[in-house]
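The sequence shown begins at 1 in the UniProt record's numbering and counts up by one.
Just to be clear, a hint being listed does not mean it is correct.
What the hints assert, rightly or not - Below are the DSSO-like pairs computed for lysine-lysine, each with C-alpha atoms no more than 27 Å apart in a straight line:
| id | residue 1 | residue 2 |
| --- | --- | --- |
| 1 | Lys19 | Lys141 |
| 2 | Lys54 | Lys43 |
| 3 | Lys105 | Lys54 |
| 4 | Lys19 | Lys149 |
| 5 | Lys19 | Lys43 |
Everything labelled a hint here was simulated from the structure, so no lab data went into it.
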Amino acid sequence: MTQDFLDELGELALGSRLKRLSEHMMADAANVYRHFGLDVQPKWFTLLALLYQKDRIGVMEAADYLGLSQPAISQFTHQLVEQGLISTDPCERDSRRRLLALTDKGRAQVECMQPMWRAVHRAAEQLCTELDNDFYHALQKCEQALARKSLLQRTLEFYDEPTRS
């Protein structure tokens, strides 16, 4: 078996390790959706869940709630409109703003997914807590720490400028 090079790099490859884990989780989530006969991409999950809770919301507001870029939300919006799961309407007070909302089909789809989401939630909780630490809470703390002080700021604290000869 080939040794995992990211293990050799350790914390230096933390971002790459998290991306790999994310890709694995998204692929597994796609398998879950497929198993239950749902034509939904896992990357849409958070936006669908947000619209289910908030009813109507602007693109920028959705980006803020989800911590995603406006272009990412716009891309998901386009895909979800094509699927007939959400609609976009101009805001009455500001015609530059577009309001997102679940369509009847989208609301029915999200309601159909509720039992599956509950099962996925319990499975993810189990996965996180069977580790030595509670991974999800450790991940939250890592995000909070990065919000307080960026990786760049932390790096500069340790960086010794090479002397020029």
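How the hints compare with the structure:
Among the hinted pairs, Lys19 with Lys141 is consistent with the structure: their alpha-carbon atoms are about 18 Å apart, no more than 27 Å. Restraint check for Lys54 and Lys43: the C-alpha separation of about 18 Å stays at or below 27 Å, so the hint holds. Taking the CA atoms of Lys105 and Lys54, the gap is about 17 Å. The hint holds against a cut of 27 Å. Under the criterion of a C-alpha separation no larger than 27 Å, the hint pairing Lys19 with Lys149 is consistent with the structure, at around 21 Å.
Note on Lys19 and Lys43: the hinted pairing holds, with a Cα-Cα distance of about 14 Å set against a maximum of 27 Å.
Of the numbered hints given earlier, the model fails none.
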